[in-house]
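Each chain is listed here by its residues.
2 protein chains.
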Amino acid sequence: MDNYFLNRHTWRTFSDREVTDNLLQDMLEAASHAPTTGNMQLYSVVITRDVSQKKLLAPAHFSQPASLNANVILTFCADLNRFVKWCENREADPGFDNFQSLMAAFLDTTILAQQFVTIAEREGLGTCYLGTTTYNADKISEVLHLPRRVIPVISVAVGYPSGQYEETDRLEPAAFIHKEKYNDYTSDDINRIYKDKEQRQDSKRFVQENNKQSLAQVFTDVRYPRKNNEYFSSVFINFLKSQGFMLD
Amino acid sequence: MDNYFLNRHTWRTFSDREVTDNLLQDMLEAASHAPTTGNMQLYSVVITRDVSQKKLLAPAHFSQPASLNANVILTFCADLNRFVKWCENREADPGFDNFQSLMAAFLDTTILAQQFVTIAEREGLGTCYLGTTTYNADKISEVLHLPRRVIPVISVAVGYPSGQYEETDRLEPAAFIHKEKYNDYTSDDINRIYKDKEQRQDSKRFVQENNKQSLAQVFTDVRYPRKNNEYFSSVFINFLKSQGFMLD
Chain Z
1 MDNYFLNRHT WRTFSDREVT DNLLQDMLEA ASHAPTTGNM QLYSVVITRD
51 VSQKKLLAPA HFSQPASLNA NVILTFCADL NRFVKWCENR EADPGFDNFQ
101 SLMAAFLDTT ILAQQFVTIA EREGLGTCYL GTTTYNADKI SEVLHLPRRV
151 IPVISVAVGY PSGQYEETDR LEPAAFIHKE KYNDYTSDDI NRIYKDKEQR
201 QDSKRFVQEN NKQSLAQVFT DVRYPRKNNE YFSSVFINFL KSQGFMLD
Chain R
1 MDNYFLNRHT WRTFSDREVT DNLLQDMLEA ASHAPTTGNM QLYSVVITRD
51 VSQKKLLAPA HFSQPASLNA NVILTFCADL NRFVKWCENR EADPGFDNFQ
101 SLMAAFLDTT ILAQQFVTIA EREGLGTCYL GTTTYNADKI SEVLHLPRRV
151 IPVISVAVGY PSGQYEETDR LEPAAFIHKE KYNDYTSDDI NRIYKDKEQR
201 QDSKRFVQEN NKQSLAQVFT DVRYPRKNNE YFSSVFINFL KSQGFMLD
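Protein sequence lines correspond, in order, to chains Z and R.
Residues in the first sequence are numbered consecutively from 1, following our numbering.
Residues in the second sequence are numbered consecutively from 1, following our numbering.
One thing to keep in mind: the hints can contain errors.
Copies of the same chain are indistinguishable here, so a pair counts whether it falls within one copy or spans any two.
As the list claims (entries may be wrong) - No more than 25 Å apart at the CA atoms, straight line, and that leaves these computed lysine to aspartate or glutamate pairs for DMTMM-like:
no.: 1; residue 1: Lys241; residue 2: Glu209
no.: 2; residue 1: Lys227; residue 2: Asp93
no.: 3; residue 1: Lys227; residue 2: Asp188
no.: 4; residue 1: Lys212; residue 2: Glu198
Keep in mind the hints are simulated off the structure, nothing from the lab.
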């Protein structure tokens with residue numbers, strides 16, 4: 001098997017070297033040959049290159065360094081606007097303001113983004129998903145002038161890599177593979193599956209630095225606390241509704 | 001750039017040759033090195049290989065041929081069950097029963113599925129996304145014994161290819177790329193962007209066979225009618241709630 005896949009890693013620091021529009025277009029064209037629901041291609045990609053636009057966008061990504069240091073930020077958007085406009089221009093009645101249509105667009109968009117990341121990394125670029133896009137979709141939408149029926153889903157920082165990367169650990173594949181039926185996890189399973197992750201030096205450091213009893217508490221109390229999750233869920237749901245989607 | 005990406009295509013017919021569990025595990029392990037939110041890996045994959053299980057599963061995919069002819073069906077599930085169990089076993093209070101947590105799991109799952117598809121195709125396998133998983137998530141969940149907090153998101157039919165594949169057309173990349181700000185589409189833009197698609201022989205055949213005036217009407221009246229979209233949205237939302245997620 002191609003070694004790239006097992007050995008890839010995220011880069012969070014980048015050199016000043018330009019990632020040209022031509023290269024981006026070629027890579028996005030290749031990525032668009034990934035599967036898409038009914039071949040509808042329910043997505044758009046906004047390229048942020050201007051430093052002034054990056055500075056406007058960065059707060060929506062909590063100003064994480066990659067959002068400012070990357071040569072370009074690509075915002076992958078679920079886009080039902082273009083398809084609906086096409087239908088309306090052809091005397092067709094589009095019924096795409098519902099959750100299933102939104103899910104199809106989310107899937108199309110995520111598949112495109114991941115295929116782009118793979119292509120870009122194989123071209124020697126570094127990429128970093130900014131995990132903040134659905135938190136501040138409303139703010140991103142303002143900066144990028146997204147119209148009704150367009151939802152930012154994923155942002156990817158892209159540049160030529162520089163500095164160091166961190167090795168990432170993963171669960172053993174048996175931890176997430178089930179044969180024929182889902183085998184629910186016993187306490188023993190959980191202990192075995194998460195043991196390596198909990199014993200890593202960086203994990204122990206996170207626990208200590210945050211004054212917690214376990215790595216899991218770092219996730220629940222520091223990184224993804226219930227209150228934040230619920231607040232940003234409510235903001236996102238309101239944004240989806242204001243962009244023209246029904247969620248009930 | 002690697003030719004694979006521009007030239008890939010979906011296969012819907014497969015030979016009888018076995019795709020072994022070892023090969024699937026190796027490919028899924030490689031795919032798991034794709035990015036994941038906060039390295040939480042909020043997914044599980046259920047492998048359906050037994051003919052009896054495939055027959056139980058197929059109706060949920062409207063018995064499309066690929067769902068029965070493929071050597072294996074992989075159901076990629078958004079899984080917050082494993083992570084929540086880990087938290088609960090470590091005296092951490094998980095607040096993951098909300099829409100943002102579900103979105104993170106949807107993204108993780110879709111990224112894994114697409115990375116798997118790329119790896120599998122490069123290994124000489126054929127793959128076909130079954131676009132029906134979120135329609136009948138409740139039925140799939142029953143067949144696969146999915147517990148609370150696990151949602152089937154994507155199903156991929158996998159086998160060694162056989163027979164013919166269909167070339168798929170894609171929009172020109174300029175149709176979905178925007179620089180700095182979203183440039184909304186004029187009627188002229190829409191006409192230009194969709195012209196090639198509308199003039200394809202297979203498109204004209206779809207219009208004629210379905211007795212429609214335009215290709216867009218095939219999408220809105222035949223393939224994705226409002227009534228179906230809304231019905232399956234409601235079914236899916238109810239399923240998400242019954243699996244323990246809040247959507248408001």
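Status of each hint after checking the structure:
{"no.": "1", "hint": "Lys241 x Glu209", "in the structure": "neither (40 Å within a copy, 36 Å between copies)"}
{"no.": "2", "hint": "Lys227 x Asp93", "in the structure": "between (40 Å within a copy, 11 Å between copies)"}
{"no.": "3", "hint": "Lys227 x Asp188", "in the structure": "neither (30 Å within a copy, 47 Å between copies)"}
{"no.": "4", "hint": "Lys212 x Glu198", "in the structure": "within (13 Å within a copy, 60 Å between copies)"}
The structure fails to meet hints 1 and 3 from the earlier list, while all remaining hints are met.
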